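Undergrad: Mapping of the sequence shown onto the working numbering: residues 1 to 389, in sequence order.
Read the hints as simulated data drawn from the structure, not as lab findings. Certain hints may be false.
Taking lysine-lysine and the DSS-like style, the derived pairs with C-alpha atoms no more than 25 Å apart in a straight line are [said to hold, decoys possible]: (1) K212 <-> K162; (2) K320 <-> K184; (3) K331 <-> K361; (4) K221 <-> K202.
Note that this is a predicted model, so its numbers are computed, not measured.
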Amino acid sequence: MPLKNNKHTIKQIQKLKKKKSASKQQILQKRMATITNKRPKAPMSSGGIKWKGPAVFLFSLAFIILAVPTLIVIPFITNSEVSSQSIDQQGGAKETASAAETALVEDSAVEVAVMRAQTEQIENVPLEAYISGVVASEMPIEFEAEALKAQALAARTYVVNKMLYQKEEDASDVTDTIQDQVYKNDAELREKWGTNYNQNMKKISDAVLATKGQIITHNDKPIDPQFFSTSNGFTENSEDYYINEIPYLRSVSSPWDEASPYYLDQETFTFEQVETVLGIDLPNNKQLTIEATRTESKRVGELNLEGNTFTGREVREKLKLRSNDFSIEQKDNYLIFTTKGSGHGVGMSQYGANGMAKEGKTYEDIVKYYYKDVEISKMDDAVPALVMQ
């Protein structure tokens, strides 16, 4: 029940108590009048009224019945009102969060079929509620509002693009893992955030609602908005990590990422571990031949390791390195990999987006910086067929 109603209830209680006190007073007055009429009038003296025992007793009884409850009730009600105001202030975020969650559901004309990895069940989620679950899972809650908005826009564009071009035999639109976008539902977010749920959910909901119904388009079509955690100082051209050259996924400078806790990392492997993972043989007690070519973004394009050739992506994925910008140092029969950045490097850098937001850039600025020659369009205009389903 809304806390505003609780305040109203307290006022009603006050009125009821006043009515009860008034009723008690009227009853007592009637009883006193009856008793007085039956008793002879007290004799008067030059000194004033002369009280007798029964009259004193009745006066004391009246005082106890009327005055004492009033003294008790007034502080009680005042404290209750103060407590109610305090609770109302604490609960304000809860009411706001609930209103935002309701808006996310009501403002969604499209539902997303999400395959939940743990249960292997499909969960049908209103689009905007789904986006809030993705933003909350994919980007740190401490990030700036404009960065969260940029993430919401990218997340919505991603799932819309998937839904437009999915195959008929696909049981779901997306999974809830990094295979598509990480997604947590309301119950999972409550468990994740605990007592911070209300304020965090409000922040996420505000970001999602600010971009409601918007997607990123190129040549009037939704883009494939790749995004990742942290760059090495540059984003990657699509063809240098994937196969196809995509016009809006171009390498750009991203200097803000140096502030990311994931900017630098180091992993050490034995020769045996590298041999097993890469499927090669390495000679012991010998300085290995290690040569690498670099892409435009300074990531490893191709690695020659003792005559064995791999792409930077292959090495990164097989050894589970944070990035394909790595250098290798050999110490005895160990290889030390030092990486810069985290993720594939294509598209929007999340820590870069937050850095831009801290400098006062809007989510439109951020999106149009990391995705080249794109527009921000309304779903109703760009994908009317999907909205009308």
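Undergrad: What hints, given by number in increasing order, does this structure fail?
TA: 3 and 4
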